[in-house]
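Chemist: The lines below spell out each chain.
There are 2 protein chains.
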Amino acid sequence: MWLELDILVKGGIILTMDERDSIFHPGDLWVKDGKILSIRKSSEENLPVEAKKIIDAKGCLVLPGLINSHTHLPMVLLRGYSDDLPLKEWLFDRIFPAEAQLMNPRSVYWATLWGCVELIKSGITCVMDGYFFEEEVAAALSRAGIRGVLGQGVLDYPTPDTPEPEENLKRAREFVEETLNRYPLITPSIFCHSPLTVKKETIVKAKELCSEYGIPLQMHVSETEEEFRQILYQEGLTPVSYLDSLGVLDPEFVSVHLVHITDGDLQTLSQRGVRVVHCPESNMKLSSGVARVHEMLQRGLVVGIGTDSVCSNNNMDLFREIDMATKLQKAVFGDATLLNARDGLRMGTSLGATTVGMGDRIGSLSEGKEADFIVVDLDRPHLFPIYDPYSLCVYSLKGSDVRDVIISGRVIMENKRVLTIDVEEARAKVGEIVRNIRTDWFHLEGEG
Amino acid sequence: MWLELDILVKGGIILTMDERDSIFHPGDLWVKDGKILSIRKSSEENLPVEAKKIIDAKGCLVLPGLINSHTHLPMVLLRGYSDDLPLKEWLFDRIFPAEAQLMNPRSVYWATLWGCVELIKSGITCVMDGYFFEEEVAAALSRAGIRGVLGQGVLDYPTPDTPEPEENLKRAREFVEETLNRYPLITPSIFCHSPLTVKKETIVKAKELCSEYGIPLQMHVSETEEEFRQILYQEGLTPVSYLDSLGVLDPEFVSVHLVHITDGDLQTLSQRGVRVVHCPESNMKLSSGVARVHEMLQRGLVVGIGTDSVCSNNNMDLFREIDMATKLQKAVFGDATLLNARDGLRMGTSLGATTVGMGDRIGSLSEGKEADFIVVDLDRPHLFPIYDPYSLCVYSLKGSDVRDVIISGRVIMENKRVLTIDVEEARAKVGEIVRNIRTDWFHLEGEG
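So the sequence lines, in the order shown, correspond to chains E and F. Using our numbering, read the first sequence as starting at 1 and increasing by one per residue. Using our numbering, read the second sequence as starting at 1001 and increasing by one per residue.
Don't read these hints as lab results, they were simulated from the structure. There could be a bad hint or two in this list.
To give an idea of the chain E side of the interface with chain F (calculated C-beta under 10 Å), a few residues [claimed, not checked]: (1) Glu-45; (2) Leu-47; (3) Val-49; (4) Pro-86; (5) Met-316; (6) Gln-329; (7) Arg-380; (8) Tyr-390; (9) Ser-396; (10) Leu-397.
Simulated restraints, written as ranges between beta carbons of each label pair [to be verified]: (11) Ala-1100/F with Arg-361/E: 45 to 53 Å; (12) Ala-1100/F with Gly-431/E: 54 to 62 Å; (13) Lys-1416/F with Phe-96/E: 37 to 45 Å; (14) Asp-1263/F with Gly-334/E: 54 to 62 Å; (15) Gly-431/E with Asp-1263/F: 45 to 53 Å; (16) Asp-263/E with Gln-1230/F: 29 to 37 Å; (17) Asp-263/E with Asp-1360/F: 50 to 58 Å; (18) Pro-97/E with Glu-1424/F: 48 to 56 Å; (19) Ala-1428/F with Asp-263/E: 52 to 60 Å.
Computed footprint of chain E on chain F; a stretch qualifies when at least three of its residues, placed anywhere within it, have a C-beta under 8 Å from a C-beta of chain E [what the hints assert, rightly or not]: (20) 1278-1284; (21) 1381-1393.
C-beta atoms are modelled at their ideal positions from N, C-alpha and C, and glycine is treated no differently.
All chains, full assembly: derive it from the sequences and hints.
Modeler: So, in structure tokens, the structure goes:
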């Protein structure tokens, strides 16, 4: 009696990122019905298995798919549109007006699909996103075959999809109901923009709505010093203690950024089991500051890592983001042993999975988990010799080294070719959408 | 009468990085006898030119080749061998002993050649290097066809190539005499390791030797707080003022790192016209601190950028390094407008050229300059849409997007294929050299 696998990955260095940090070298990975059936050392024996698809991973690294825990995917339309400006000016004078002009269901769909090409090419198999017209983000992600936790954006200001702010929670509820159980890889969520842009009552009601459906609430918290000061002035509390006073902090609350926090805030976050997303490149580029990530990890907080939108980055290479995160902690907090490579990679894999609420299903390679993994070609001048696989991943690898991407047992990219998206079509659509913006603002006219 | 060019680059977006920030879009680049004969807007007219080689740059960016102003190339043998440790422990307990075991003329040659594959693949056309057996570095760089300013390492401690430290300057003089005028692309130099590892008299004599030959002296200066304190304790002076008291600071002095400096040091550096190399990733990874780069640039200092060795990085992607540099200034000095993308890219091109002493010959694209340039394929998901070419280069590009590399009018890489190096041979040699080290230290044994 032969066992028929869907996919057999043969002879790679399998970095499982499981709790024991198991490495199989060389190892085989068995996939059936979208899940990992077995991981084992490669053997010379003839085992009674056959596979519909064999992936030769000799000379390759096999890793859990990366998890980008904070994005605003449709903003790929504005990548590089506005840089080197302070956050407030950047956001209110440049980004918000451009979004008002550009964003509609159609543009959000195509922008997201185009963003998915970059995600896949960089080995990202799951994202936590927050934006407007989020049902279009869901549709595009599903078409691309990427896993997602997608939050409908809620602000108490007019937004591209909710010109009347008082409709914001009605809109969010419709999104959740429409999306729940609609796509196998998509979990709905709500994304409350920030304590400065969402009112007290709205935050409380959004949290109630999330609890009703058992879904996570995402929010930018303590991103800038100005936010910290203003909430302190208005409420007499830090942003974290303010949110705690509203009763919304719990393990289903995903707090993004947390750059400006007190020791007391850290304690509150630990006590409530709040999940955290660190976005180092965005915080650096907008000069928001540097989050105390090593302390959060020491306290046992769950910390994932996100690229934030490409407007404040401007790329979604999560290997580069993790590299930046580890080096930034060392540089700013004066200790080269802080946030080592292994812990950095955890933020993009196993810890990231818990951050997005799927720690039991993804983020590491072990029997019974979803078959979300990537194969990285090590035949590269910057990847040899190898002494430590974690160092290799964090300090040397780039997203462009990823060769194959498998999500839920489905081959999404093979030999660097994206199989689920018509890349030329997506690029052409994005080109059409930004054409007028390019005409106004494009700086590449001939000179000389 | 037809003009015969060696290379005609057609229809690219040419970012010249010249003093006027000229951009030709679309533009053509004419190359003859290793130099740029003309840069002009692409024209429909039939001009009386023909070319031995035509490079179609439609949909591509054409940039000056990147200049990596500080490397220790042979250390690619130890990439990832020791990470997440403080500088002193990392250097004295791990790196120096491993170097003593590994480094000899043969290993230095092959390691450098292997490092050159990464340099070329990342679009780096010129390096300033400092190491031991530097004549082997010169031989390998020449074989690869890369431009270099190469410094023979001088320490008052036993080193791999100079077990008797009192021979160090004799060794350096021999290197300079042997290398001067030997290879068309190589300029010799001397690399005094640091104020802590090289004695006063040796520094002075090394500078005299450099002056005799009209070549630059490179030195790590004020890299760590410990160095700063120790020199202050020993000499009653900061490292910069100590070196100034020796009379060695002038525009032919290349000071690397300069992390810990006073306002007075900044003034001294400006007055002497000292050239500076910033190595952000190395300084971050070893938690040395953050150099005041934006202030140096504001004062008109010439600042290039370097990856340092891959042991403290661990890659030589200079686009990533520039990205890190710009974001680090913004994050640490609290102003998102600091070190914008254009100035960042200058550090890797036009300013870099002046840093390595070739500002009149390379670093920007203009008539009469050396034909050192790269062609970057923009048909990538992370490179579209484009609003600003400098933002594109610094915040989105990766080394792996480089398609073609031309140095001194010679095609070194074409369509991502390195033409000057037998890549498989170099990899195999490096594999042999590190084999025993890998057996001792390789952590990738099967587990699970």
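Chemist: All hints are to be evaluated individually against the structure, with a verdict given for each.
Modeler: Hint check results:
1. Hint status for Glu-45/E: violated, given a least beta-carbon distance of 15 Å to chain F, over 10 Å.
2. For Leu-47/E, the interface hint is violated, since its Cβ never comes within 10 Å of a Cβ in chain F; the closest pair sits about 16 Å apart.
3. At its closest, the beta carbon of Val-49/E sits 18 Å from a beta carbon of chain F; the interface hint therefore is violated under the 10 Å criterion.
4. At a threshold of 10 Å, the smallest CB-CB gap from Pro-86/E to chain F is about 5 Å, leaving the interface hint in force.
5. Given the 10 Å rule on beta carbons, the hint for Met-316/E holds: about 7 Å separates it from the nearest Cβ of chain F.
6. Nearest Cβ of chain F to the Cβ of Gln-329/E: about 9 Å, under the 10 Å cut. The hint holds.
7. Residue-level restraint check for Arg-380/E holds (minimum Cβ-Cβ distance to chain F is 8 Å; threshold 10 Å).
8. Against a cut-off of 10 Å between C-beta atoms, the interface hint on Tyr-390/E holds, since the closest Cβ of chain F lies about 8 Å away.
9. A least Cβ separation of about 5 Å between Ser-396/E and chain F falls short of the 10 Å threshold, and the interface hint therefore holds.
10. Among the interface hints, the one on Leu-397/E holds; its C-beta lies about 9 Å from the nearest C-beta in chain F, closer than the 10 Å criterion.
11. The supplied range of 45 to 53 Å is met by Ala-1100/F and Arg-361/E, whose beta-carbon atoms lie about 49 Å from each other.
12. Judged by the Cβ atoms, the range 54 to 62 Å given for Ala-1100/F and Gly-431/E holds: they are separated by roughly 57 Å.
13. Roughly 40 Å separates the CB atoms of Lys-1416/F and Phe-96/E, a value that falls within the hinted 37 to 45 Å.
14. In this structure, Asp-1263/F and Gly-334/E break the distance hint of 54 to 62 Å, their C-beta atoms being roughly 21 Å apart.
15. Taking 45 to 53 Å as the suggested C-beta distance range, the pair Gly-431/E and Asp-1263/F conforms, at roughly 50 Å.
16. About 34 Å separates the C-beta atoms of Asp-263/E and Gln-1230/F, a value consistent with the hinted range of 29 to 37 Å.
17. Under the hint 50 to 58 Å, the C-beta atoms of Asp-263/E and Asp-1360/F, about 55 Å apart, fit the expected range.
18. For Pro-97/E and Glu-1424/F, the Cβ-Cβ distance of about 54 Å falls inside the hinted range of 48 to 56 Å, so the restraint holds.
19. Between Ala-1428/F and Asp-263/E the beta carbons are some 54 Å apart, a value that agrees with the proposed interval 52 to 60 Å.
20. Counting residues of the region 1278-1284 of chain F whose beta carbon lies closer than 8 Å to any beta carbon of chain E gives 3, which reaches the threshold of three, so the coverage claim holds.
21. Check result for the region 1381-1393 of chain F against chain E: holds, 10 residues qualifying (beta carbon to beta carbon below 8 Å, three or more required).
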